[in-house]
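J.: Given the sequences, and given the hints that come with them, work out the whole structure.
For the record, the sequence lines run as chains A and B. For the record, in the first sequence the residue sitting at position 169 is 169 according to our numbering, with numbers rising by one throughout. For the record, in the second sequence the residue sitting at position 163 is 163 according to our numbering, with numbers rising by one throughout.
Hints are computed from structural coordinates only; laboratory data are not their basis. Treat the hints with care, since some could be wrong.
Only some residues are given here: those of chain B computed to face chain A with a beta carbon under 10 Å [what the hints assert, rightly or not]:
id, residue
1, Ser35
2, Val97
3, Gly176
Glycine is no exception: its CB is placed at the ideal position from the N, C-alpha and C atoms.
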Amino acid sequence: MKVNIKRQKSPESEPYWQSFEYKGEGHIAVSAILDCLNYTDDLYDINGERADRIRWECSCMQALCGGCAMIINSRPALACKTFADEIEGDELTLEPLSKFPVVADLMVDRSIIYEYLNKARLYTEGDSPSPGKHHEQQYSVAKCLKCGLCLEACPNFRPGEEFYGPVFANESYLLSTQTEGKNKALGKEYVKHFQEGCSKALSCSIICPQNIETLTSILRMNRKY
Amino acid sequence: MKKILVIGSGLSGLVCAIELASRGIHTILASPYPSERAQSVMAQGGINSPRGEGDSPELHCEDTVRSGGDIADRDAVYSMCREALEITDWLERLGTVFNRDKKGNVSLRAFGGQSKDRTAYAGSSTGKQIMSALVREARRYECEGLITRLMGYQFHSALIKEEVCYGAILYNEIKGEMEAVYADALVMATGGQNGVFGKTTGSTLCDGYAAARLFLQGAALKNLEFIQYHPTTVETPQKRMLISEAARGEGGRLYYEKDKKRVYFMEEAFGEKGNLMPRDVVAKCIYDAPSKVFLDISFLGEKLISERLFEVKEVAEKYAGIDVTCESIPVYPSVHFFMGGLWVDKCHRTTVDRVYAIGECASMYHGANRLGGNSLLSAIYSARVAARSVSELSEQKEAANFTKALESAKAELTERRQSQSQFSAMYIRYEMAKLMNDCLGICRNEEKLKEGIEGIDYYLSVCEKLSFDSDVSPYVSYSLMPMLALSKAILTCALERRESRGAHIREDYPERLEKYRRCSVICYNGGEYKVSFEEEGRV
Numbered sequence: 001m002k003v004n005i006k007r008q009k010s011p012e013s014e015p016y017w018q019s020f021e022y023k024g025e026g027h028i029a030v031s032a033i034l035d036c037l038n039y040t041d042d043l044y045d046i047n048g049e050r051a052d053r054i055r056w057e058c059s060c061m062q063a064l065c066g067g068c069a070m071i072i073n074s075r076p077a078l079a080c081k082t083f084a085d086e087i088e089g090d091e092l093t094l095e096p097l098s099k100f101p102v103v104a105d106l107m108v109d110r111s112i113i114y115e116y117l118n119k120a121r122l123y124t125e126g127d128s129p130s131p132g133k134h135h136e137q138q139y140s141v142a143k144c145l146k147c148g149l150c151l152e153a154c155p156n157f158r159p160g161e162e163f164y165g166p167v168f169a170n171e172s173y174l175l176s177t178q179t180e181g182k183n184k185a186l187g188k189e190y191v192k193h194f195q196e197g198c199s200k201a202l203s204c205s206i207i208c209p210q211n212i213e214t215l216t217s218i219l220r221m222n223r224k225y
Numbered sequence: 001m002k003k004i005l006v007i008g009s010g011l012s013g014l015v016c017a018i019e020l021a022s023r024g025i026h027t028i029l030a031s032p033y034p035s036e037r038a039q040s041v042m043a044q045g046g047i048n049s050p051r052g053e054g055d056s057p058e059l060h061c062e063d064t065v066r067s068g069g070d071i072a073d074r075d076a077v078y079s080m081c082r083e084a085l086e087i088t089d090w091l092e093r094l095g096t097v098f099n100r101d102k103k104g105n106v107s108l109r110a111f112g113g114q115s116k117d118r119t120a121y122a123g124s125s126t127g128k129q130i131m132s133a134l135v136r137e138a139r140r141y142e143c144e145g146l147i148t149r150l151m152g153y154q155f156h157s158a159l160i161k162e163e164v165c166y167g168a169i170l171y172n173e174i175k176g177e178m179e180a181v182y183a184d185a186l187v188m189a190t191g192g193q194n195g196v197f198g199k200t201t202g203s204t205l206c207d208g209y210a211a212a213r214l215f216l217q218g219a220a221l222k223n224l225e226f227i228q229y230h231p232t233t234v235e236t237p238q239k240r241m242l243i244s245e246a247a248r249g250e251g252g253r254l255y256y257e258k259d260k261k262r263v264y265f266m267e268e269a270f271g272e273k274g275n276l277m278p279r280d281v282v283a284k285c286i287y288d289a290p291s292k293v294f295l296d297i298s299f300l301g302e303k304l305i306s307e308r309l310f311e312v313k314e315v316a317e318k319y320a321g322i323d324v325t326c327e328s329i330p331v332y333p334s335v336h337f338f339m340g341g342l343w344v345d346k347c348h349r350t351t352v353d354r355v356y357a358i359g360e361c362a363s364m365y366h367g368a369n370r371l372g373g374n375s376l377l378s379a380i381y382s383a384r385v386a387a388r389s390v391s392e393l394s395e396q397k398e399a400a401n402f403t404k405a406l407e408s409a410k411a412e413l414t415e416r417r418q419s420q421s422q423f424s425a426m427y428i429r430y431e432m433a434k435l436m437n438d439c440l441g442i443c444r445n446e447e448k449l450k451e452g453i454e455g456i457d458y459y460l461s462v463c464e465k466l467s468f469d470s471d472v473s474p475y476v477s478y479s480l481m482p483m484l485a486l487s488k489a490i491l492t493c494a495l496e497r498r499e500s501r502g503a504h505i506r507e508d509y510p511e512r513l514e515k516y517r518r519c520s521v522i523c524y525n526g527g528e529y530k531v532s533f534e535e536e537g538r539v
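T.: As structure tokens, then:
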């Protein structure tokens, strides 16, 4: 299988494309393919030229940490949850997420996700009440990986603008059910940084590797504010 | 104002930062990636909380010490068990979405080696649910300016002068620069030593380097030979993946087939609760089984599996192509947890003044084998203990000058960047892991351990003579030599403990011996690895 990778040596340098040959087959995740390429004595590209090791973020290798989010054959996805035998076509094309600055190759700097959550002061105040009827949705939302895939897929999210994206909606929902005293300020932040910018394209729900029902969070928040 | 540097933003690091910040102490929380990437999010099963009927901190302590091969410090373990209830209550108040019973109380499930059902859980993503609540709590202090996160930073070395620590040199992966961060104390929360074994059930980010580097800088390590092989992992092209102990806690049964009939060997050997024996026992029994061992949870029914074991179902289905609602899972033990690590006292101080260690990188509560449900608990408890101790420290009287150390780290970085060498640091890392897996398996013997030491010695000698290729992050090459030294230390401790206890099983010394009812302590001094066996708390 031919593996095309959009590469970049450092945040400042120019990106370039490089292709590799992966010789294995079967039900193997893209992350395992990257490992196979990297863990050789020397790495050569498809033209026989010596190549730098491929940089990508990886921690758990089983879709629990969100590190390996990237664009795989034009679709934002986790490399450890996308399998070579399930993709369309016989070539694999990997690019870094486009809405975040590149650190190196497929690694991006997603710190803006946290900057937004901090800016809106999304933290609990006082004791959290028993979840009751919110249990299922709270559990689901708390599994958010902060991988950035929903932000990549969202047609309305552009870093630096007022709209903070689906991560923010889910986090706001969680907090609204856990901190009653904070609801007024929270409502204001939610309306300004989510409600006013969301066109309900719902690509966030489709793309989420944790299958978080962001729509449920949005509906509950919109009903409240 | 006092300033503390915490390395690692997983469960232990986060709790320590929160505890320090809540006391008004400024904490710098440095890590290569956000807390969401930490291994803590992978913990599925639960956290022990002796709140069930007839349970008590005494019983919890007894189970922990006994399952740990009777070498853990009983006082320290008891203190942890005594605080366990309050810890779960705290997590609940912070908004951890625990499973609850009909009365709204936190539900408990059975776990291996425990006399009572005492493991509180949140579906099968307990670690993630706890982390999610703690990240929100930490955010409060970030907004108040009491916690400053340094993201994209790898540990390089501690700044030590005359056996006192003044902070650390960190490598900024984004800027590609070495930076000195000064602090009144350094708290290491860097996780287990997974990296010396390559891919384990845990995170690839926990590679053992930080503990290894401190070892070379004078910190003692303890109980390195005790490495937990989780009994139930499943082979996938990615890595061996964990099938949580929760699967057996909910009733899952282990068996092998003989003459087309199932042999429930754990139940035959240990009775009804045989599948929930401590992990070292189950792992050894699977290792000894005459044929492939399977774990069956299908009879639990789709509803229970979806509600309480969803992540188990998903892992098996997605990565191994197994539908657990109608098929059994082929399982085999694999490296999972490190009971050993940096030597710490009851306050979690290492042997270097003003350096603390917490969570899996420290060795304290688990003895020779860890109980399921105690890793999340000890990660949180150790962080709290360290925070209490750190908060009582005085500020450093005067700043020491580390200009030379920083210049030297910068020069090393430039040299690595400009290297024209074709020798791959990544490849040697890979070979080191292969050797460690081969020589330090579930059952060990002198011949294999010596072979391992010889192999590592070779790579250590190579390491001194080669500049490595520059086509990886400089971290990969500068971490290599200390990780090799750590590998040698682990093998040396395993060689010196000439008995079998807990997770350390010697084919050539199968008995448990009274003279080894001690912890192993290893120190490094100018290329020498010195092992001694000490009573807990007597170093």
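J.: If a hint holds in the structure, say so; if it doesn't, say that too.
T.: Against the structure, the hints:
Taken as an interface hint, Ser35(B) checks out: its beta carbon lies about 9 Å from the nearest beta carbon of chain A, inside 10 Å. Because the beta carbon of Val97(B) sits about 4 Å from the nearest beta carbon in chain A, less than 10 Å, this interface hint is met. Restraint check, Gly176(B) versus chain A: the minimum CB separation of about 7 Å is within 10 Å; hint holds.
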